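Protein chains: 2
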Amino acid sequence: MSLPSYFASYFELFATDGQARTGLLTTPHGAVRTPAFMPCGTAGAMKGVHWREVRDAGTDIVLGNTYHLMLRPGAERIAALGGLQNFTGWNGPMLTDSGGFQVMSLSELRKVNENAVTFRSHIDGARVELSPERSIEVQLLLGSDIAMQLDECVRLPAERGDIERAMQLSLRWAERSRRAFETAPPGYMLFGIVQGGDVAELRQASARGLIDIGFHGYAIGGLAVGEPQAVMLAMIDEVAPILPNDRPRYLMGVGTPEDMIEAVGRGIDMFDCVMPTRNGRHGVAFTRFGQINLRNARHADDPRPLDEESPWPSTRSCSRAYLHHLVKSGETLGAMLLSEINIAYYQHLMHGIREAVSQGAFESFRERTRADWAKGDIASDIVPR
Amino acid sequence: MSLPSYFASYFELFATDGQARTGLLTTPHGAVRTPAFMPCGTAGAMKGVHWREVRDAGTDIVLGNTYHLMLRPGAERIAALGGLQNFTGWNGPMLTDSGGFQVMSLSELRKVNENAVTFRSHIDGARVELSPERSIEVQLLLGSDIAMQLDECVRLPAERGDIERAMQLSLRWAERSRRAFETAPPGYMLFGIVQGGDVAELRQASARGLIDIGFHGYAIGGLAVGEPQAVMLAMIDEVAPILPNDRPRYLMGVGTPEDMIEAVGRGIDMFDCVMPTRNGRHGVAFTRFGQINLRNARHADDPRPLDEESPWPSTRSCSRAYLHHLVKSGETLGAMLLSEINIAYYQHLMHGIREAVSQGAFESFRERTRADWAKGDIASDIVPR
Chain A
1 MSLPSYFASY FELFATDGQA RTGLLTTPHG AVRTPAFMPC GTAGAMKGVH
51 WREVRDAGTD IVLGNTYHLM LRPGAERIAA LGGLQNFTGW NGPMLTDSGG
101 FQVMSLSELR KVNENAVTFR SHIDGARVEL SPERSIEVQL LLGSDIAMQL
151 DECVRLPAER GDIERAMQLS LRWAERSRRA FETAPPGYML FGIVQGGDVA
201 ELRQASARGL IDIGFHGYAI GGLAVGEPQA VMLAMIDEVA PILPNDRPRY
251 LMGVGTPEDM IEAVGRGIDM FDCVMPTRNG RHGVAFTRFG QINLRNARHA
301 DDPRPLDEES PWPSTRSCSR AYLHHLVKSG ETLGAMLLSE INIAYYQHLM
351 HGIREAVSQG AFESFRERTR ADWAKGDIAS DIVPR
Chain B
1 MSLPSYFASY FELFATDGQA RTGLLTTPHG AVRTPAFMPC GTAGAMKGVH
51 WREVRDAGTD IVLGNTYHLM LRPGAERIAA LGGLQNFTGW NGPMLTDSGG
101 FQVMSLSELR KVNENAVTFR SHIDGARVEL SPERSIEVQL LLGSDIAMQL
151 DECVRLPAER GDIERAMQLS LRWAERSRRA FETAPPGYML FGIVQGGDVA
201 ELRQASARGL IDIGFHGYAI GGLAVGEPQA VMLAMIDEVA PILPNDRPRY
251 LMGVGTPEDM IEAVGRGIDM FDCVMPTRNG RHGVAFTRFG QINLRNARHA
301 DDPRPLDEES PWPSTRSCSR AYLHHLVKSG ETLGAMLLSE INIAYYQHLM
351 HGIREAVSQG AFESFRERTR ADWAKGDIAS DIVPR
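As they're listed, the protein sequences go chains A and B.
For what it's worth, the working numbering labels the leading residue of the first sequence as 1, then goes sequentially.
For what it's worth, the working numbering labels the leading residue of the second sequence as 1, then goes sequentially.
Keep in mind the hints are simulated off the structure, nothing from the lab.
Quick caveat: nothing in here was measured; it's all calculated off a predicted structure.
Misleading hints may appear alongside valid ones.
Which copy is meant is left open, because identical chains are indistinguishable; a pair holds if it fits in one copy or across any two.
Heads up, simulated EDC-like pairs for lysine to aspartate or glutamate below, C-alpha to C-alpha not over 20 angstroms straight-line [as the list claims (entries may be wrong)]:
1) Lys375 to Asp237
2) Lys375 to Glu114
3) Lys375 to Asp124
4) Lys328 to Asp124
5) Lys328 to Glu76
6) Lys328 to Asp17
7) Lys111 to Glu133
8) Lys111 to Asp124
9) Lys375 to Asp56
10) Lys328 to Glu227
11) Lys328 to Glu201
12) Lys375 to Glu108
13) Lys375 to Glu258
14) Lys328 to Glu355
15) Lys375 to Glu133
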């Protein structure tokens, strides 16, 4: 590795088990145990969940969306207010994305050229230009512990030519991002993003190009955007073995518990996803026995909690009947409870994964966990308490 | 007083100061310090606030709405699930209204006759009949610590003839409610409701009629329904002196902090209102310096909390800039924080009132509190921290 010292690794590997890894990533705002799941605090808030609950659920690090925050309340304003941690009251590590992905999915009239992406804000229609340099500037203003390079993400399926063009552009933007990041204070990190769609050799070329530039960590982007799970896992299999062992690997926008456990088995260390909160708002709980839709009428008279053995108080204490009532009545408290219950399940799963890898027992943990999911929910003819 | 022993008083007066009183009401699910503010857990949930926060804010008792709960999830279902406290997880005292008020304001095709009110559910259009007996049955099924008699509430302004007819009907329903309540387990309470609109002699007649029947407590209903504050206070002045000293007095649906402090000064012990949570959802905070609208752009860059001296953590720690951002962005967390902040302010005010009455200092407390409200918000040109 030929990285300058300020691109030193802040990542320490504690144990590996097959491809699965467990370790610790040290950021200016605290340590992150890996594999880590990052809940999404999109616009400076976790939807329906207090920060203290996010923390209590076992969360070490959360994700903020640069696109949302730069448009409202604005990066310069957040900087003047002391950065994202001071602003929001989340006093732990934060990773921000580059803004690129959401420019593609949310904004209007977007246009990508060599220099930057320009778009109209979905909030007020204002014309905004986001270059690799501006994305890094914004993320440094936000005070993000881990910044992401600006990239172009192509929705699958796509033509190989389009995938390759976007991948090459992302590599050039990676280099510009890295240069722009050289003013960052010590301890702050920048991750490069592997692109290349579902084409193995493009993925490999992207990874090699990023390693040549040198980053604190490597993300795999442009997956979980509509392709089958098998394609996603195949792409991880192509990329992970190339990536340096001493850097964290982050699979962006993933995913379900099933996706995460498979990806850990292929060497991934970090995840983010809106599913725990989004599905929670839609009345769905993630549990040891798979997803449970509380909207279903079979829960209406069921006094049992979702999982009596869960370490999370609400999972253990709220009855299915109450959660069903809250969801059916559109009570905010239903979304609040299910969102915290889901974040807690995700973090409990990560905790189990870390322990299993430490003990060299990841494979049996994965099998046991998958068997529980496959069982489905505990039968409703069990005698209520 | 000629009440049978099971209509004994569970209310103990600790101190009076002028007309203001402080005491303790003992219910099957715990004690209630008075004057008490009851936040509204309408359909078995406090909108945007966890029960533990409701409790931590200093709440002794909450209100549930019989109308909502009987329609969904249903009183028999809640009874089968162990009553409201088991169902919701709020393990403290609960008062339920009779359902009458919301039949008037929410349901369709309602028809009042001597026997009952019939209406169509606003949820599914089902035809429902609510008699005084059924209202008591429902409230006993819910396991409510304090049940309210069914009454007919007339919106002001109204003709004297209409007001009198409704008041007389309410008195007859009071008697039927009292009879229906004789099967209640010991410790549970039934309150009668004084009606009579804005007509002093009808109010007095209503109060005397109720006292003849005999209740555990007396509510004043049909106020804060559109009349000026002066009319409301005048009606309290007519009624409160008639009510027995050893029974709690509950002013229904009131109100603003200003309303409550004036009503305490006229001998009221209990209040309920949706304002703390409703105004919170609309971006308004109740504070020592009056109401503050966080939607206002002047808060956008203000790092100061709402009140540095508040005992409530979120009031002391969340910046105005963050609250403004959350409100403007429509983030649920904004409504959640402002709702808990407002409940905490209401309970802190009640705490101050109770202490002041105990110390014979209610009048100076009222003056000081009103002076702080009148000052308005702390100037925004104060040097930020």
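Tested hints:
Taking identical chains as interchangeable, the C-alpha atoms of Lys375 and Asp237 are never at most 20 angstroms apart, the minima being 28 angstroms within one chain and 66 angstroms between chains. In this homomeric assembly, Lys375 and Glu114 never come within 20 angstroms of each other (Cα to Cα): the closest approach is 51 angstroms inside a single copy and 57 angstroms across copies. For the homomeric pair Lys375 and Asp124, neither the shortest alpha-carbon distance inside one copy (48 angstroms) nor that between copies (36 angstroms) is at most 20 angstroms. Proximity of Lys328 to Asp124 under the C-alpha cut-off of 20 angstroms is restricted to the inter-copy arrangement: shortest distance 13 angstroms between copies versus 34 angstroms within a copy.
Taking the shortest alpha-carbon separations for Lys328 and Glu76, only the inter-copy value of 18 angstroms comes in at or below 20 angstroms, while the best intra-copy value is 42 angstroms. Taking identical chains as interchangeable, the C-alpha atoms of Lys328 and Asp17 are never at most 20 angstroms apart, the minima being 44 angstroms within one chain and 47 angstroms between chains. Proximity of Lys111 and Glu133 under a CA criterion of 20 angstroms is satisfied intra-copy only: 17 angstroms inside one chain copy versus 69 angstroms between copies. Taking the shortest Cα distances, Lys111 and Asp124 sit within 20 angstroms of each other inside one copy (18 angstroms), while across copies they are farther apart (49 angstroms).
Within a single copy, Lys375 and Asp56 get their C-alpha atoms no closer than 28 angstroms, and across copies no closer than 39 angstroms, so neither meets the 20 angstroms cut-off. Proximity of Lys328 to Glu227 under the C-alpha cut-off of 20 angstroms is found in neither arrangement, the shortest distances being 33 angstroms within a copy and 36 angstroms between copies. For the identical chains of this complex, Lys328 and Glu201 are neighbours neither inside a copy (49 angstroms) nor across copies (46 angstroms), given an alpha-carbon limit of 20 angstroms. Neither within a single protomer nor between protomers do Lys375 and Glu108 lie at most 20 angstroms apart by alpha-carbon distance, with minima of 44 angstroms and 46 angstroms respectively.
Taking CA atoms no more than 20 angstroms apart as the test, Lys375 paired with Glu258 passes inside one copy only; the shortest distance there is 14 angstroms, against 58 angstroms between copies. Taking the shortest alpha-carbon separations for Lys328 and Glu355, neither the intra-copy value of 38 angstroms nor the inter-copy value of 42 angstroms comes in at or below 20 angstroms. In this assembly of identical chains, the alpha carbons of Lys375 and Glu133 never lie at most 20 angstroms apart, being 50 angstroms within a copy and 48 angstroms across copies at closest.
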